[in-house]
Amino acid sequence: MIVARSPVFQLGVQSASPLAVIVGVYLLFAGHNNPGGGFAAGLVLGAVVTLRTVAGLQRPVYGPTLITGGTLLVVAVAAAPLLWGDPLLDQKVVSVDAPVLGTIKTGSALPFDIGVTAIVVGLVIALLDGLSTSEALVPDRGSPSPHRSSS
Amino acid sequence: MSTLIAATILTPLVSAVLGLAARTRTRARDAATLVGLGTAAAASLMLLVRVSTEGTHVVRVGGWHPELGIVLVADLFAALVLPVALTIIFVVELFAIGQRRTAWGANPELAGPLLGVMTAGVSLAMLTGDLFTLFVAFELILVSSYVLLTHQGRRAQIRAGMSYVAMNLLASTLFLFGLAFIYAATGTVNLALLTERIPELSEGVRLGIGAWFFVVFGTKAAVFPLFSWLPDAYPTAPTTITAVFAGLLTKIGIYAMIRFHTLTGMDRLGSVMLIVAGVTMVVGALGALAQSDVKRILSFHIISQIGYMLMGLGLFSAAGTAGAILFLVHHMPVKTVLFLVGGLIENDQGTGSLDRSGGMAARRPLIAALFAIPALSLAGLPPFSGFVAKFAVISAGIEAASIPIVVAALAAGALTLLSMAKIWIGVFWGSSPDASDGRETAPGNRRTMLAATGLAVAGTLTISLFAGTLFDLSLRASDDLRAPDSYRSAVLS
Chain B
346 MIVARSPVFQ LGVQSASPLA VIVGVYLLFA GHNNPGGGFA AGLVLGAVVT
396 LRTVAGLQRP VYGPTLITGG TLLVVAVAAA PLLWGDPLLD QKVVSVDAPV
446 LGTIKTGSAL PFDIGVTAIV VGLVIALLDG LSTSEALVPD RGSPSPHRSS
496 S
Chain E
648 MSTLIAATIL TPLVSAVLGL AARTRTRARD AATLVGLGTA AAASLMLLVR
698 VSTEGTHVVR VGGWHPELGI VLVADLFAAL VLPVALTIIF VVELFAIGQR
748 RTAWGANPEL AGPLLGVMTA GVSLAMLTGD LFTLFVAFEL ILVSSYVLLT
798 HQGRRAQIRA GMSYVAMNLL ASTLFLFGLA FIYAATGTVN LALLTERIPE
848 LSEGVRLGIG AWFFVVFGTK AAVFPLFSWL PDAYPTAPTT ITAVFAGLLT
898 KIGIYAMIRF HTLTGMDRLG SVMLIVAGVT MVVGALGALA QSDVKRILSF
948 HIISQIGYML MGLGLFSAAG TAGAILFLVH HMPVKTVLFL VGGLIENDQG
998 TGSLDRSGGM AARRPLIAAL FAIPALSLAG LPPFSGFVAK FAVISAGIEA
1048 ASIPIVVAAL AAGALTLLSM AKIWIGVFWG SSPDASDGRE TAPGNRRTML
1098 AATGLAVAGT LTISLFAGTL FDLSLRASDD LRAPDSYRSA VLS
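In the order they appear, the protein sequences are chains B and E. First residue of the first sequence: 346, per the numbering used here; consecutive thereafter. First residue of the second sequence: 648, per the numbering used here; consecutive thereafter.
Please keep in mind that the hints were generated in silico from the structure rather than gathered at the bench. Just so it is clear, the structure is predicted and the values come from calculations on it, not from any experiment. Glycine included, C-beta positions come from ideal geometry on N, C-alpha and C. You may find that some hints are simply not true.
Said to hold, decoys possible - Partial selection, computed: residues in chain B whose CB lies under 7 Å from chain E: (1) P405; (2) T413; (3) A421; (4) L428; (5) L433; (6) V439; (7) S453; (8) P456; (9) I459; (10) D474.
As the list claims (entries may be wrong) - Covered by chain B, per the in silico footprint, the following chain E stretches (three or more residues, Cβ under 8 Å): (11) 650-661; (12) 1021-1030.
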C-alpha cells in the first residue's frame, strides 16, 4: 500500500478531497447550461473515491445501492412525463427568485443529473470493490469445459 | 402507445438494477428479472397489435424535433421483430433460473441483471430512429455481452472473449467513422432525414457509405469473411448465454442492415450482398459438418443461416425483403431453442461432444423431441416455420432469376440437414456411454428447464401456424421500408 511509503500522498489526498467534491458538485449544477453535467460530476467524484481508496482513506462502500438508486431516479424522471401525457424525458423548468442568490433556474433535469452522478460513482465503487476481491483470480475450478480436451 | 414503447426499454433496465440490488436474495432477484422481462415482452406484443392496425408510431424523446433530438420509431418492421426477441430473452432467463449456478450454467447473480441491460439495448436498437442512438444501443448490448461471455473466467472463455472484444471494438470504431462520414456528407444521422438526403448524394459517396455500413453491420452479423470470431466465442459461454447470443446478437446486425440499406435505397450493392450471402451459407454449413461438438455445430449454423437473411436483403425486391424479415422472425426462436436443448444435453450427459455421448433418444425421449422439431425447422422441412421462411426467400430468388444464389441456398439447406443428422446420430442414437469417466453432470431444476424449452418450442410451432399472417405482415413491413416516404412523413410531420 502506497500509504506506508508516502504520508505526503495520504495527507494531500485527504486535504484535496473536499475541494474536489466541491468541483464535482459545481459541475453537477453547471451542466444545465454550461459544460459539465451529471456524468462529468460523477467522474470527478469517482476520481475522489479512487484516490481515497489508493491512499487507504475512508470512502463510500455501497456501490450497488448507488447504481440501483440512481437508475431508479433516472427512469422515474424519464417516465414521469408520460403520466400527464407529455413525451418521454420531457422536462419542466422552474425559475425561482431567491433573496441572496438571485434568479435560480432549475428543473426536472436536476434529479436526472443527480441520478446519473449516482450511477457513475456507484460503478466506480463497484469496480474498485471488484478489483480488490480475489474472486477474479480464482483459477479454473476443474469444472468441465467443452474444449478442455481439444485446446 | 408511447407508454408501451417506453416500457419495452425502461422496464428491463429497472428490473436489472432491482435484480442487482437483490443480489443473493434469490427469490426476489428472480422475481424482479422475470417480471421485468415479461412486462417488456408483453408490452412489445401489444405494440405489434397496435402498430399493425394503427400504423407507425413515433416518440419524440423530450419533445424535440427530429432534426435536433432523438426519435423512437415503432414501425411494422420493429414491432414485428421486437416481441420475438423479447420473448426469447424471457424464456432464456426462465431456463437460466432452472439451471442455477452449475458448471454449465451462468452465475444467476450476474446473468439476470445483465440480460435486463441487454434487453434494454435490444429494444433501443430496434426502435431507434437515428444511427447514433443505434450505436449507443449496440454498445449497451455489447458491454453486457462481454461480461456474460467471460464472467466464469475459464481459460477458453477468456481467450475467445479476447477476439470477441477485439472484433466488436473494431466494428464499433468503424461504425463511429461511418457516422462521421454520413454526418459530413448529409448533416444528419436521423434515418428519416437520411432517406431523403442519401439518394441525393453522388453515386460514389452513396455506395461508399453503403459499403462501409455493410462491413460494420456485417461484422456484427458474422457474414462470410468476418465471421471467424463467432464459432470460437459462442460455444465457450454458458448455455443460456450462448442461446441468447445465438438467437439475438448477429440478428441485430442483420436487422440494422435491412433497415439501413433498404431505407436508403442501396439497391446497387445487391449483387455484392448476394455473392457474400451465397458464400456465407455454404461456408457456414460446411463448417458445421466438420465439427464434433453440439454447440460448435450449432454455432456454424448461425453463420450459414445469416446467409439466407442476407440473400433476402440482397435481392432488393419486395418479396426478398419480406422473406428476410420472415426468416429473421423464424430463426431467432429456433436457434435459441436448439442451444437450450444443447444445454439440456450437456446437463444430462456432462458433455456436448458427439463422440462421448449417445443413446439419449431412449433415455430422454422428451429432449429428443424438443431437439427434433427445431432441428427439422432449421433445416427447412415442412411443415415447420423454417420451410415457410426458406420458401419465401428462395421463391423471391427465383422470381428475381438469381439462379446461382438459389442453388447455393438449396445446397446449404441439404448440408444443414446432414449436420443435424450428425448430432442426432451422435447424441440421440447409439448406446449410452459409460458414465464413469469423471464427468460432472449437473441436475439443476430440470422441470423449469424443460418447461422453458417446451415453451420456446411451442413458440416456434406458433410461428409456423401463423406463417401466413406473419408473411403478410412481413410484406407490409418490407413495402414500408422500400418506400420510405411513409416512414419519413411519420417521423417528420
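Honestly, which of those hints from before does the structure not fit? 1, 3, 4, 6, 7, 8, 9, 10, 12
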